[in-house]
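Visitor: Listed below are the residues making up each chain.
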Amino acid sequence: MERKASSSAAAVWAILRKECRSEWRTRYGLNAALLFAVTSLAAVSFAVGPLGDRTDILSALLWVVLFFAALSSLSHAFVREIEGHTLTLLRLVASPTAIALGKLFFNLIFLVVIEAVTVPLFLLLMGGPPPGWSRFLAMLSLGSVALAASCTLVSAIIAQTRGRGALFAGVSFPLLLPVLAAAVKGTRAQWLGGTVGAEASILLAYALAVFGVSLLLYDHLWED
Amino acid sequence: MSAAVAQPVTAPLALEAEGLMHRYGRRQGLDPLSFRLAAPSAVVLTGPNGSGKSTLLRILAGLLRPTAGSATLRIGAEDLPPSARRLRVGFASPELAFYDELSVTENLVFAAEARGLADPRVAVATALERVGLAARARDLVPELSSGMKQRLRLAFALLGGPAVVLLDEPGSHLDDEGRASVARLVDEQARAGLVILATNDEREMKLGAQSIELRRRGLGDPA
Numbered sequence: 001m002e003r004k005a006s007s008s009a010a011a012v013w014a015i016l017r018k019e020c021r022s023e024w025r026t027r028y029g030l031n032a033a034l035l036f037a038v039t040s041l042a043a044v045s046f047a048v049g050p051l052g053d054r055t056d057i058l059s060a061l062l063w064v065v066l067f068f069a070a071l072s073s074l075s076h077a078f079v080r081e082i083e084g085h086t087l088t089l090l091r092l093v094a095s096p097t098a099i100a101l102g103k104l105f106f107n108l109i110f111l112v113v114i115e116a117v118t119v120p121l122f123l124l125l126m127g128g129p130p131p132g133w134s135r136f137l138a139m140l141s142l143g144s145v146a147l148a149a150s151c152t153l154v155s156a157i158i159a160q161t162r163g164r165g166a167l168f169a170g171v172s173f174p175l176l177l178p179v180l181a182a183a184v185k186g187t188r189a190q191w192l193g194g195t196v197g198a199e200a201s202i203l204l205a206y207a208l209a210v211f212g213v214s215l216l217l218y219d220h221l222w223e224d
Numbered sequence: 001m002s003a004a005v006a007q008p009v010t011a012p013l014a015l016e017a018e019g020l021m022h023r024y025g026r027r028q029g030l031d032p033l034s035f036r037l038a039a040p041s042a043v044v045l046t047g048p049n050g051s052g053k054s055t056l057l058r059i060l061a062g063l064l065r066p067t068a069g070s071a072t073l074r075i076g077a078e079d080l081p082p083s084a085r086r087l088r089v090g091f092a093s094p095e096l097a098f099y100d101e102l103s104v105t106e107n108l109v110f111a112a113e114a115r116g117l118a119d120p121r122v123a124v125a126t127a128l129e130r131v132g133l134a135a136r137a138r139d140l141v142p143e144l145s146s147g148m149k150q151r152l153r154l155a156f157a158l159l160g161g162p163a164v165v166l167l168d169e170p171g172s173h174l175d176d177e178g179r180a181s182v183a184r185l186v187d188e189q190a191r192a193g194l195v196i197l198a199t200n201d202e203r204e205m206k207l208g209a210q211s212i213e214l215r216r217r218g219l220g221d222p223a
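Quick note, the sequences are listed as chains A and B, same order.
For reference, each letter of the first sequence is one residue, going 1 to 224 in the working numbering.
For reference, each letter of the second sequence is one residue, going 1 to 223 in the working numbering.
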């Protein structure tokens with residue numbers, strides 16, 4: 001059986017493309033995420049109008065909207081495979097690590113798409129001081145990476161359990177709290193013209209730690 | 001011969017089980033079992049419902065870790081660990097499902113690309129031709145009948161010409177022509193490598209040169 005040199009990289013790439021194609025055809029998570037983001041921002045905008053210089057509320061609201069908009073898809077990365085009975089197929093063609101990396105990269109792309117719509121709409125409707133773009137984008141990028149890595153890991157862990165919906169909330173809360181806290185704090189700091197180095201370091205270190213733990217765990221997750 | 005068709009095994013291939021056993025919690029899934037199989041050959045696995053046929057195939061495919069004992073796939077001087085078996089083992093069973101939002105070809109191309117096959121589209125076209133599903137290649141999976149889905153599972157198992165093919169109830173949902181295809185495929189695979197069929201269908205039992213009979217009373221008796 002003739003094979004390419006790096007079957008692991010090929011597997012990650014194939015899974016990422018499959019995820020994108022499946023999402024594009026079903027719009028399983030995208031429509032729900034965008035609906036949540038647009039509706040919640042419109043509702044808050046109608047209720048309280050532009051928040052002006054309330055950077056504490058602005059930064060918290062931005063991450064709450066991004067987090068909950070993305071959550072329906074991020075938490076279901078593996079659940080969809082269980083409910084569609086396709087996990088056996090996946091396990092027969094790729095290693096657990098390759099599967100998880102493919103899902104992680106898809107979750108990152110998914111977050112970027114959500115942010116591409118949500119962030120401009122947020123800035124338009126909520127007002128606020130002009131962002132320091134480089135620091136603002138750094139916070140968005142690092143927060144997204146940490147969020148995607150954490151959610152992918154939790155989603156993989158709870159996928160084959162009973163009561164996985166409740167479990168996701170229980171397991172992910174302590175894991176995601178440091179991410180959201182650092183992202184909110186750093187986002188506020190950039191609006192106030194301060195430095196974001198400490199928060200960026202926390203998010204980067206956290207993302208790397210979760211990623212490292214994930215690589216160690218993934219190969220043992222689905223051994224019956 | 002194309003890279004996508006079963007290639008004769010050039011190095012000696014052996015599949016060995018030593019004290020292989022599995023439990024699902026308190027329930028015994030597979031009684032301790034030892035055997036040694038060498039390619040080329042076709043082996044029929046029989047036994048009553050719940051005797052452990054599917055469990056054994058899942059262990060051999062690397063999908064299930066045995067509670068005790070070991071299964072070793074040896075090609076030449078190399079022992080392939082369970083994690084590496086997926087690249088050399090083809091597997092089809094009734095539990096195998098495909099992505100509804102993808103077509104027949106897209107599902108198989110995805111599988112071929114993920115396995116790192118050098119020419120995925122050629123491998124897929126060859127596999128579909130072998131199981132008689134080429135005419136439905138562009139259909140979405142939900143548009144297929146039960147028999148067509150079974151052919152898709154067989155095409156998946158044959159993708160890239162694996163050295164070992166594990167087939168759980170390969171003739172289920174198939175018409176006479178489909179069953180004839182299974183017989184032909186088993187014959188071809190038995191010349192090129194190793195094929196193991198789990199079945200209680202008398203017509204399929206005749207396809208094997210050897211047999212393993214799981215003698216438990218079945219229905220997953222509590223031990």
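It should be emphasised that the hints constitute simulated quantities derived from the structure, not laboratory data.
The beta carbon of each residue, even a glycine, is placed where N, CA and C say it ideally should be.
Any given hint might turn out to be false.
[As the list claims (entries may be wrong)] Some but not every residue of chain B turned toward chain A, in silico, with C-beta under 7 angstroms:
| no. | residue |
| --- | --- |
| 1 | PHE35 |
| 2 | ARG86 |
| 3 | PHE91 |
| 4 | LEU96 |
| 5 | ALA97 |
| 6 | GLU101 |
| 7 | PHE110 |
| 8 | ALA111 |
| 9 | ALA114 |
| 10 | ARG115 |
| 11 | GLY116 |
| 12 | ASP175 |
[To be verified] Partner residues aside, some chain B positions facing chain A, computed with beta carbon under 7 angstroms:
| no. | residue |
| --- | --- |
| 13 | TYR99 |
| 14 | GLU113 |
| 15 | GLU213 |
Visitor: Take the hints in turn and mark each one as holding or not.
Guide: Status of the hints after comparison with the structure:
no. : hint   : verdict
1   : PHE35  : 22 angstroms, violated
2   : ARG86  : 5 angstroms, holds
3   : PHE91  : 6 angstroms, holds
4   : LEU96  : 6 angstroms, holds
5   : ALA97  : 4 angstroms, holds
6   : GLU101 : 4 angstroms, holds
7   : PHE110 : 5 angstroms, holds
8   : ALA111 : 5 angstroms, holds
9   : ALA114 : 4 angstroms, holds
10  : ARG115 : 5 angstroms, holds
11  : GLY116 : 3 angstroms, holds
12  : ASP175 : 24 angstroms, violated
13  : TYR99  : 6 angstroms, holds
14  : GLU113 : 4 angstroms, holds
15  : GLU213 : 25 angstroms, violated
When each numbered hint is compared with the structure, violations occur for hints 1, 12, 15.
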